[in-house]
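Let's have the full structure, built from the sequences with the hints guiding it.
As given, the protein sequences belong to chains L and P, one line each in that order.
For the record, in the first sequence the residue sitting at position 53 is 53 according to my numbering, with numbers rising by one throughout.
For the record, in the second sequence the residue sitting at position 72 is 72 according to my numbering, with numbers rising by one throughout.
You may find that some hints are simply not true.
To be verified - Looking from chain L toward chain P, a few residues come up when the C-beta cut is under 8 angstroms (computed): (1) D33; (2) V35; (3) F36; (4) E38; (5) V54; (6) E56; (7) V58; (8) K59; (9) A61.
As the list claims (entries may be wrong) - So the derived list for chain L, only partly shown, Cβ under 10 angstroms to chain P, looks like this: (10) P51; (11) S57; (12) V80; (13) P83; (14) N87.
Derived from the structure by calculation, the hints contain no laboratory data.
Just so you know, these numbers come straight off a predicted model, no measurement behind them.
Even glycine gets a Cβ: it sits at the ideal position worked out from N, Cα and C.
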Amino acid sequence: MTTLYTSDHEWLRIDGDVATIGITDYAQSQLGDVVFVELPKVGRTLKKAEPSAVVESVKAASDVYAPISGEVIEVNEAIVSEPALVNSDAGDKAWFFKLRIADQSELGGLMDEAAYKAHTA
Amino acid sequence: MLANETTLNRTPLYDLHVALGGKMVPFAGYEMPVQYAPGVLREHLHTRSSAGLFDVSHMGQIVLRAKSGKVEDAAIALERLVPQDILALAPGRQRYAQFTNDAGGLLDDLMVANFGDHLFLVVNAACKAADEAHLRDHLSETCVIEPLANRALIALQGPEAESVLTKFCAEAPSMRFMDAGPHRVAGYDCFVSRSGYTGEDGFELSVPADEVEDLAKQLLADGNVLPIGLGARDSLRLEAGLCLYGHDIDVTTTPVEAALEWSVQKSRRKGGARAGGFPGADRILAQFETGAPRRRVGLKPEGRAPVREGAPLFADATSSEQVGTVTSGGFGPSLNGPVAMGYLPSALAAVGTQVFAEVRSQRLPCRVSPTPFVPNTYKR
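Okay, structure coming up:
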């Protein structure tokens with residue numbers, strides 16, 4: 001399994017034709033305490049860069065954009081019932097949704113961990 | 001207003017905010033801390049359970065002094081600009097007021113204190129230059145208007161505010177809500193009022209600018225006190241149902257529409273001893289008789305999603321006709337849920353009425369609710 005990153009601070013864990021998507025620890029630290037999460041419906045087809053989820057802190061609402069195109073096959077209800085999980089475990093347990101990857105070539109534009117670290121440095 | 005880092009002002013506590021890890025953001029022309037390391041949620045809850053220290057030095061502090069030397073003359077003069085009874089404000093007492101315009105709208109809201117031989121005004125940062133000009137334009141003949149540029153303003157708020165302040169100011173416990181006057185605090189000459197913007201008991205302290213950092217450090221050395229940023233200040237005042245100028249009230253809202261009738265004393269209303277005589281009195285006093293077409297209300301979204309400023313309001317889940325707008329909204333940490341306020345037609349403004357806010361193309365049900373959302377704990 002490889003983990004890739006976007007410049008919008010999302011991570012993607014790639015397992016064959018399925019990508020698990022979340023926001024990075026850096027993103028959660030910038031947002032502050034997450035108090036509400038809205039996820040896409042299972043079965044929805046997302047186009048790359050389309051608003052796909054919403055995270056809200058006390059202060060503000062932020063969109064999470066689909067990092068690649070694909071069909072939503074599973075969402076993480078745990079972060080809907082316990083939004084604070086996004087702050088405590090952004091990189092793992094607080095994944096947002098899983099996509100069936102529509103176009104593998106879109107992965108080519110994403111960063112590896114070293115590049116993402118440089119991006120946030 | 002295009003403010004960039006080179007044009008932003010700093011309060012006398014800027015260095016302390018940075019040293020304390022404050023995340024600095026532009027606000028009303030100042031670089032202000034929006035939060036510190038604990039974050040908005042914990043800062044909010046700490047203020048409600050213990051005590052929080054806020055820097056509000058960006059706000060305007062103005063002395064209004066009658067040329068006659070009599071505070072009564074300054075009070076009578078100020079009554080030409082506000083619908084409040086200032087003449088009846090006793091020495092050592094403070095009152096909430098608004099500057100009105102000829103259409104009955106609000107130019108700013110402010111605090112007015114009677115300091116015995118003059119009045120002391122605290123106005124919003126974004127309005128302070130205009131307020132000062134407004135006072136000069138209308139009151140210069142009889143009054144001297146003196147902005148106090150060399151004073152900082154801090155607020156100590158929360159259930160432990162009294163016990164903390166008492167260590168530095170023995171008179172603190174004898175003050176009750178809206179008492180105001182000069183006191184020595186940690187040896188510094190301060191103007192202290194028992195008031196605030198959180199719904200909690202607490203104090204606001206006007207402190208000489210070059211002494212405020214030392215006083216703030218002494219207050220923060222108390223284990224009960226944490227520094228609190230503007231983020232929590234906003235969520236605290238929202239839960240307390242208090243208006244934010246430029247959002248919940250502005251030049252288009254009258255005191256009656258804004259549900260601020262309680263702040264207009266009977267003496268200034270129709271039939272009162274000094275009825276009218278302030279800008280927009282005809283419209284405002286008529287609304288006292290007949291009601292206003294719209295009204296500011298508290299709104300509790302029924303789901304978990306925050307409903308924020310600007311969200312349009314509808315009478316039902318499907319109609320295309322917008323009936324109102326949310327003017328403040330977000331997540332209330334003490335309520336552990338979303339909370340908002342906004343304007344609705346008077347027919348829809350009764351407590352318990354269900355309306356719908358549109359957020360990301362979804363109609364979210366909201367209930368008109370009494371304010372404050374969180375009971376206030378003032379020491380009356």
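So, going through the hints one by one against the coordinates:
A cut of 8 angstroms between beta carbons decides the hint on D33/L: the least distance to chain P is about 4 angstroms, and the hint holds. Because the smallest distance between the Cβ of V35/L and any Cβ of chain P comes to about 4 angstroms, under 8 angstroms, the interface hint for this residue holds. Below 8 angstroms, beta-carbon pairs count as interface contacts, and F36/L has one with chain P at about 6 angstroms; its hint therefore holds. The closest approach between the C-beta of E38/L and any C-beta of chain P is roughly 7 angstroms, which is under the 8 angstroms cut-off, so the hint is satisfied.
Checking V54/L against chain P: minimum C-beta separation of about 7 angstroms stays under 8 angstroms; hint holds. About 5 angstroms separates the beta-carbon of E56/L from the nearest beta-carbon of chain P, less than 8 angstroms, and the hint is met. Restraint check, V58/L versus chain P: the minimum CB separation of about 4 angstroms is within 8 angstroms; hint holds. This hint holds: K59/L has a C-beta 5 angstroms from the nearest C-beta of chain P, less than the 8 angstroms allowed.
Hint status for A61/L: holds, given a least beta-carbon distance of 7 angstroms to chain P, under 8 angstroms. Hint status for P51/L relative to chain P: holds, with the closest Cβ pair at about 8 angstroms, below 10 angstroms. Checking S57/L against chain P: minimum C-beta separation of about 7 angstroms stays under 10 angstroms; hint holds. For the restraint placing V80/L at the interface with chain P, the shortest Cβ-Cβ distance is roughly 8 angstroms, inside the 10 angstroms limit, so the hint holds.
Look at P83/L: its Cβ gets to within about 9 angstroms of chain P, closer than 10 angstroms, so that hint holds up. Interface hint at N87/L: satisfied, since its Cβ lies 9 angstroms from the closest Cβ of chain P, which is below the 10 angstroms cut-off.
The structure meets every hint from the earlier list without exception.
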